[in-house]
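Single-letter residue listing:
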Amino acid sequence: MQISTLILLLAAVLIAVFWLGRDKAIRCAGGIGSVRKLHSLPGYYGYYTAIWCGIPGLILIGLWFMAGDVLILQQITSQLPEHLRQLPGPELSLVVNDIKNMAAGQFINPARIGELSDAAEQYTNLQDASRWILAWSMLAVVCLGFGWAWSRLSPGFRARNRVERVMKTGLILASTLAVFTSVGILFSVVIEAFRFFQKVPVADFLFGLNWSPQTAIRPDQVGSSGSFGAIPLLFGTLLISGIAMLVAVPLGLMIAIYLSEYASRKVRSWVKPLVEVLAGIPTVVYGYFAALTVAPLLRNFGESLGWSVASESALGAGLVMGVMIIPFVSSLSDDVIHAVPQSLRDGSYGLGATRSETVKRVVLPAALPGIVSAVLLAVSRAIGETMIVVMAAGLAANLTINPLEAVTTVTVQIVTLLVGDQEFDSTKTLAAFALGLVLFVVTLILNVIALRVVRRYREQYE
Amino acid sequence: MSNEAAIMEAPELQSEPRRIEDATAVQEPAAKRDEPMMMDEEQEGKGHTVGDITAADPVISVRNCNVHYDDTCALKNINLDIGRGEVIALIGPSGCGKSTFLRCLNRMNDTIDSARITGTFNLYGEDIYAAETDVVLLRARVGMVFQKPNPFPKSIYENVAYGPRIHGLATSRAEMDDIVYGSLERAGLLDELKSRMDDRGTSLSGGQQQRLCIARTIAVNPEVILMDEPCSSLDPIATAKIEDLIDELSRNYAIAIITHSMHQAARVSRRTAYFHLGRLIEVDATDKIFTNPGHRLTEDYVTGRFG
Amino acid sequence: MPEEKITAGGKSSGTYNLMSFDESRRRVKAGLRKRHRKERQFRLMGIGSVLLGISFLVFLFTTIIGNGYSAFWQTWIQLDITFEESVIDPDGNRAPEALSSANYSRLIRGSLLEIFPEVTGRRDRRALNALVSNGAVFEIRDLVMADPDLVGSTRSLWLLADDEVDMLIKGQVDRSLEQGSRRLKDTQIEWIDQLQADGRVEKRFNTLFFSSGDSREPELAGIWGAVKGSFFMLLVTLLLSFPLGVAAAVYLEELAPKSRWVDLIEININNLAAVPSIIYGLLGLAIFINFFGLPRSVPLVGGLVLTLMTLPVIIIAGRASLKSVPPSVREAALGVGASQMQVVTHHVLPLAMPGMLTGAIIGMARALGESAPLLMIGMVAFIVEAPGSPLDPSTALPIQVYLWADSPERAFVERTSAAIMVLLLFLLLMNVTAVWLRSKFERRW
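Protein chains in written order, with our numbering: chain D, 7 to 468; chain X, 2 to 308; chain U, 7 to 451.
I should point out that these hints are in silico values taken from the structure, not numbers from a laboratory. Fair warning: there could be bad hints in the mix.
Below, a list of computed lysine-lysine pairs in the DSS-like style, where the Cα atoms sit at most 30 angstroms apart [stated by the list, open to error]:
#1 U:K209 x D:K272
#2 U:K176 x U:K209
#3 U:K446 x D:K278
#4 X:K289 x X:K77
Quick partial rundown of chain X residues pointing at chain D, CB under 8 angstroms, derived from the structure [claimed, not checked]:
#5 C74
#6 V137
#7 R140
#8 A141
#9 M145
#10 F147
#11 G164
Heads up, the beta-carbon is just placed ideally off N, CA and C, and yes, glycines get one too.
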């Protein structure tokens, strides 16, 4: 019995049960002509029965998915030969993987074929059995649910209220998912980071000037200790984000000003979507553009001036990131500039101010909080941006403020530390989560401040 | 129609949907413009303005003013003088073109593409619409106070200092202080606000805000002040203060004020002009307009039969 | 002009010096030229910024299209292949095993040598064989498998050329460079020129690019696997995030009482919308892969991560869309005795649906272009087979771009750009659909 057939069967049962419940309600009322005697519309009685069958069934499937395989694997490992059971955690999980692969007939580890073939066979059998157990218990649960619902159906039964209560619970659960996501992020990042800080002191991480996460494979290797000082990464991130801001803030702001204060409606209707196209381009495209077009251009340009520009210079990545953020700044600023009441502009024009004077002395000061929050959001965007820097910035953690040199960033290091196969418990992997924690906290603070500022600003003019 | 009204009212800038909502004087819908204007003409002969359009010592004189938006005629053949030291009230039902007329005088509806303004507008004999006239200078000379008080979100001092600052009227801090305090004094605000100069202009009461806006206008030292229903959003006490202020100011400035309140017109103005559907029906001394109007439409309006 | 000095108005006796009209006019006039110049400068700055922004866009697009359009054509070489029985099927029984494992590259080698009999020596011969793609072998094999009667005959076949040959034909190899600094040797270039002169070289529309999975050989690499991976991922994302997002939006906008808990949810949603995407990748790695033990590199996990990422977007769009349904609709329905839930499901939701769909499409477009979180959950693996289900390992379109951008072969540059063009085309289609939906169903209340 396959799981997908089981789910399809359940769906079919639910439809049938819906009609049964609906039918019983109509019959109880005394035929289709007298459904008015029912408390709720007949359909609700059908839904009610279906809910009583479906939800227990789905819970059962969910439980099976979460626990079934784990239980089987426990059973299997407990029956493995003694020397295999004594293996440390990571290696044991490799053995378990071998068993799974053998059972699935995908890949057979030649070294272990003798020891594991029994286990693999047992695994297959147990899986099969567990599916049958699931199928029968589901039948039982569905019948019980149906019996219960069936017994309660009567013309006076408030089916609609029950159904709506279930629906509402569903809606509430969906809306709490956001909270669970946040908790999940915190949970995953904080716990791993905590484990990292057990190996590397927090102060070393936050204030260390040296970042070289390569831990040695052999104990006598050079640089075997691996050092996890995050300062060069934070500095590199700031350098690249700073360059990006230098591009994005003036350009984005001027575009917003021009479009909202100067451009005619026709120009605006053309230019605004065009600028926003920049925001819709995937970051990987910008990364490619930075690495393959901008970086060589900068290098050649630098050479013509006699400067040496690294091919993965902070400048290249920063410039392209700035271009990416332009529409972000411009559309947020556009919103806040639009929120400045027209009467203020009128007042200024009426006194004889030119447009630029009005913009600089009235509109911008009035919109300042909103613009500040737009810039903060843009900074948080730049700090968290990954693909551009992964593709166009360097890997070496240089502590420099020279934009022509290569620097690395927090996100680049997270990616390099986590891409590729590695064991989950190594300091390197954990370091990535510690960096993730830093990134999360910094962007969270920026976002919270920005959202607060912008909310207060909106209240001022609404 | 709201679009058209917006075009009519949106000052300075190209019309934008947002501006439609924000524009200060949208309450004057242009709908009535579509009604046949010929009716009055047939009834009232040539449609000439009744009364005396001239002033003894004209600051602004307007002749043959016509304003069209695309095909609609917003103002038709307006002739009016505004004299020195006088307050002239512009009254009339909504959409009659008073606001358009007022905004023509300092070119606030300049850059509206669809607007065609013809006729001669003279400020002390200089053509307001001449190519060489600088609109910046013009607006420094012809100031404007809006319907809704619109102080800048700056300190009270900076609000008043704004105009002089952009125009470079003060060469020193002392001069600026003179201008700011002098303007506030003339707006009758100095005693109230002397100790609060650093408070934000938006923190004042509505009436104080509007007087602050008047002080802000005076600070640029204009020759004419245009007021577009300056009291419409204020309570009676604040209104009374503004009316006193207008009375005081009329000694030095020519003032044109739009009002919907007949009583206000009677209290503050020396002359009154009655607009109706884009025409200037009657201009005369205020007491004559209110006691013995020369035109049936004026009579209907001042006696409250419509409007 | 009034020349006289104005005395302070009102009752005041003139505590403050006031300027004459003339003096103030003079001062205004003195500053006019400078002010107008500044005004012009400011305006030019604005126009300049807009033009700069647009020129970035144009630059980006021309670079990518300029680099990528050539990838839609591929060079093929015509060779006369003799299907020698002694090579393909020495036993002569046409057993499928024998046919599928025969040494077809010998056939290619033989036919190349027929054209260039003067080539001797191992190195030169190897260089000659390198003109034809490694994939040509499978081409011939498939032909023979499909029609075993070919054995023994001679056919003129078009075979896929090697990527370096392709680059040369497309004019992207600088012939004037020294031999050491390019991949093709001078002799190879001569052979290609001769083949071309014989009319044995042709550029054809590159169907392989759309139908094959990834490969180490640029000429064999295609985007089909990545497209399918992206498709499965978006499918998972859409199926999860749309119902959940709509449900959450409905609850928060229509049913939720004002409470601290609801405030907390709202703050959470707003913040989640601004959390860097890579953090979601860490979440996926720690929770889905490490905690729940789901496999790496599969679209299912990618879809789950992208669901969490797009959910805030969909909820926010959904709430905005619900907000735009006027309260009169709700009041009318409540007034005829509908329950709150019926009001929502029968009246409000249908009216808000186009807006919600638009939001969902925009969210999907963002998800399609996202790559950083997918790197974290192992979707960067080199996978040749196109996935058959959301549980098969695969890559995604943007990840394919990332992988190819890292590859040193010159031919991957044009493929990367072409893959980007395909990606952008999908994004364009989605956005156009969103705009179309919005304009078609937009209501003015």
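How the hints compare with the structure:
no., hint, result
1, U:K209 x D:K272, "violated (44 angstroms)"
2, U:K176 x U:K209, "holds (9 angstroms)"
3, U:K446 x D:K278, "holds (21 angstroms)"
4, X:K289 x X:K77, "holds (24 angstroms)"
5, C74, "violated (24 angstroms)"
6, V137, "holds (5 angstroms)"
7, R140, "holds (4 angstroms)"
8, A141, "holds (4 angstroms)"
9, M145, "holds (4 angstroms)"
10, F147, "holds (6 angstroms)"
11, G164, "holds (4 angstroms)"
Checked against the numbered hints listed earlier, the structure breaks hints 1, 5; every other hint is satisfied.
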